[in-house]
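2 protein chains.
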Amino acid sequence: MSAIQQNVEAASAKYSESFTKGHLALPPAKKYLVLTCMDARIDPAQAFGIELGDAHVIRNAGASAVDALRSIVISEQLLGTTEIVLVKHTGCGMLTFKNEDAFGIVEKNLGAEAAEELRKHSPDLLPFPELEKAVEEDVAFLKKSKAVPESVTISGWVYEVETGKTRRVV
Amino acid sequence: MSAIQQNVEAASAKYSESFTKGHLALPPAKKYLVLTCMDARIDPAQAFGIELGDAHVIRNAGASAVDALRSIVISEQLLGTTEIVLVKHTGCGMLTFKNEDAFGIVEKNLGAEAAEELRKHSPDLLPFPELEKAVEEDVAFLKKSKAVPESVTISGWVYEVETGKTRRVV
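Protein chains in written order, with my numbering: chain L, 4 to 173; chain F, 4 to 173.
Some hints here could point you the wrong way.
Which copy is meant is left open, so a pair is good if it fits within one copy or across any two.
[Unchecked claim] Calculated cross-link-like contacts (lysine-lysine; reagent style DSSO-like; alpha-carbon spacing at most 27 Å):
| no. | residue 1 | residue 2 |
| --- | --- | --- |
| 1 | K111 | K17 |
| 2 | K146 | K24 |
| 3 | K111 | K147 |
| 4 | K111 | K34 |
| 5 | K111 | K123 |
Note that these hints are calculated values from the structure, not bench results.
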């Protein structure tokens with residue numbers, strides 16, 4: 004067992020010992036979802052004030068709304084959420100490369116077949132050159148999507164990894 | 004401003020007041036990633052023992068490895084992670100429907116164009132009928148993927164929303 008796997012087991016033993024939330028229902032109690040980045044420096048529950056059971060939390064590289072659309076529609080249409088809080092962040096890795104850079108790295112490290120497999124799965128790796136603009140564009144994408152009804156409230160934010168603050172953009 | 008947006012602002016003010024982690028680096032310090040479900044009843048940091056800055060956390064509907072491949076490859080090839088901890092959970096919404104049910108609900112609620120947009124984006128919404136089997140299949144998918152090198156350590160787990168326990172499957 005790896006050190007990381009051992010850590011999961013130890014944390015789980017400790018967490019479950021004092022666990023008292025086994026009664027929570029499947030649909031989020033506060034009917035909202037948070038979409039943010041997979042970045043290691045973000046703890047959504049603490050930073051954005053999410054109580055256990057209250058909200059879906061979707062995370063991917065860059066907090067991409069395009070990438071998250073499947074999960075967002077399932078959240079809303081099957082589990083009743085009616086509000087989206089989208090949070091990108093300062094210092095995001097997605098600000099640091101372009102598609103061709105990334106595919107080039109994969110091809111160099113893992114070979115042409117690996118790069119081709121990734122290209123087929125994700126022809127666009129969804130990097131973005133400007134943070135605030137990317138928040139605006141992702142909110143606009145969701146507002147335009149027919150699969151997200153107009154009744155859904157959508158806001159866009161930036162989390163600052165340097166200060167722990169979250170500020171509204173749109 | 005909605006009550007949920009007010010809650011984000013209040014939580015952020017409180018969190019940033021005592022924030023001391025502004026120095027953390029972009030690449031995850033412990034070089035691993037956790038892939039789990041967006042389910043509101045999961046707090047990965049607490050349940051799986053993730054310290055701020057240590058690991059990428061990817062979350063989507065069902066903890067789908069197929070859906071997460073873009074983020075996983077970016078995590079590994081651009082940000083140096085070398086281990087994947089994949090955690091699905093009991094009581095998952097993805098156990099409760101089939102693709103045609105979900106597309107039918109979207110069409111009924113939002114119209115044929117919305118269902119068609121979703122179908123184009125995600126022809127498979129990635130539900131699964133059996134929990135443990137789905138964990139095994141997702142781990143197998145990652146092990147088979149050329150874009151995930153053999154050197155990456157992969158384990159598959161189930162989190163029990165009833166007990167707060169995480170147990171290893173594969």
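Q: Report the numbers of all earlier hints that the structure fails to satisfy, in ascending order.
A: 1 and 2
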